[in-house]
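Construct the complete structure from the given sequences, taking the supplied hints into account.
For the protein sequence lines, the chains are A and B, in the order given.
Using the numbering used here, the letters of the first sequence correspond one by one to residues 1 to 116.
Using the numbering used here, the letters of the second sequence correspond one by one to residues 1 to 113.
Take the hints with a grain of salt, since some may be wrong.
To be verified - A few chain A positions that, by computed beta-carbon distances, are all more than 10 Å from chain B:
#1 A1
#2 A7
#3 T20
#4 F35
#5 S42
#6 E44
#7 V85
#8 D86
#9 A88
#10 N101
#11 R102
#12 N115
Claimed, not checked - Keeping only pairs whose Cα atoms sit at most 27 Å apart, straight-line, the calculated DSS-like set for lysine-lysine is:
#13 K57(B) to K38(A)
#14 K16(A) to K38(A)
#15 K3(A) to K38(A)
#16 K38(A) to K70(A)
#17 K57(B) to K3(A)
#18 K70(A) to K3(A)
Bear in mind the hints are in silico, worked out from the structure with no lab data behind them.
Each residue gets a CB set at the ideal place from its N, CA and C atoms; glycine is no exception.
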Amino acid sequence: AQKVTQAQTEISVVEKEDVTLDCVYETRDTTYYLFWYKQPPSGELVFLIRRNSFDEQNEISGRYSWNFQKSTSSFNFTITASQVVDSAVYFCALRRGAGNNRKLIWGLGTSLAVNP
Amino acid sequence: KAGVTQTPRYLIKTRGQQVTLSCSPISGHRSVSWYQQTPGQGLQFLFEYFSETQRNKGNFPGRFSGRQFSNSRSEMNVSTLELGDSALYLCASSLEARNTEAFFGQGTRLTVV
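Dropping the structure here:
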């Protein structure tokens, strides 16, 4: 069975602090995809990153960075120098790589509050 | 390029009624998926349509159904509404290639009273 766990339900930081959101996944597939989405109060899920199981290279995009480690089945997300606009719920998701299944398995999300 | 458009944004219905939600995907995207989001259960997959055919289905009762039209627009229908159907319903569209991501609309907030 596939599963995504985001153990941190809520995180509160002060602006300019660095914050890491944890994501641990379970799958028996050898090919799979991992995603992070951001959900602001408006409700729309905003795509942040996709990573396939064969690419363990870490990625940096501005203040955002992702650490993918297959050995620990983790795909953690770090925001450097957080800003108030980063306040949102962040979701980690998993999708099978084989076949035509587009179904995303979601973690329960981490609500991030960045205070001025 | 226009994003995923969902209508209506908000709905209030009475128990026992039925409701139809609409989703227009990004131009060129032929795969449309629907998700239900509730505080208790989080995000759960409802179904996926591709080229007017349901390709995958989640674990929801038969009261939840959907369809896709030739222009890739999709609708989902919930019949005999229950209080527990109150949720944010999100539609996502994606390209057919596997190595792609899904793009979401702003959702339809359904309240059943």
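Check on D86(A) being off the interface with chain B, judged by Cβ distance over 10 Å: holds, 19 Å
Given as non-interface: A1(A), which should sit over 10 Å from chain B by C-beta: Holds, because the least Cβ-Cβ distance between A1(A) and chain B comes to about 13 Å, which exceeds 10 Å.
Restraint status (C-alpha distance of K70(A) to K3(A) at most 27 Å): holds, 15 Å
10 Å cut-off, C-beta based - V85(A) kept clear of every residue in chain B: Per Cβ check, V85(A) is outside 10 Å of chain B; nearest 18 Å; holds.
Restraint check for K57(B) with K3(A), where alpha carbons must lie at most 27 Å apart: This hinted pair holds, its Cα atoms lying about 17 Å apart.
Interface exclusion of N115(A) relative to chain B, criterion Cβ beyond 10 Å: holds, 23 Å
Minimum Cβ distance from A88(A) to chain B greater than 10 Å, as the annotation requires: Per Cβ check, A88(A) is outside 10 Å of chain B; nearest 13 Å; holds.
Status of the stated non-contact between S42(A) and chain B (beta carbon gap over 10 Å): violated, 6 Å
Claimed clearance of chain B by R102(A), with the beta carbon kept past 10 Å: The claim is violated: R102(A) sits with its nearest Cβ about 5 Å from chain B, within 10 Å.
27 Å limit on alpha-carbon distance, applied to hinted pair K16(A) and K38(A): It holds: about 19 Å lies between the C-alpha atoms, which stays within 27 Å.
Chain B versus F35(A) - minimum CB to CB distance exceeding 10 Å, so not interface: Since the minimum Cβ distance to chain B is about 6 Å, F35(A) lies within 10 Å and the statement is violated.
Assertion that E44(A) lies farther than 10 Å from chain B (Cβ): violated, 4 Å
Hints 4, 5, 6, 10, 11 from the list above are not met by this structure, while the remaining hints are.
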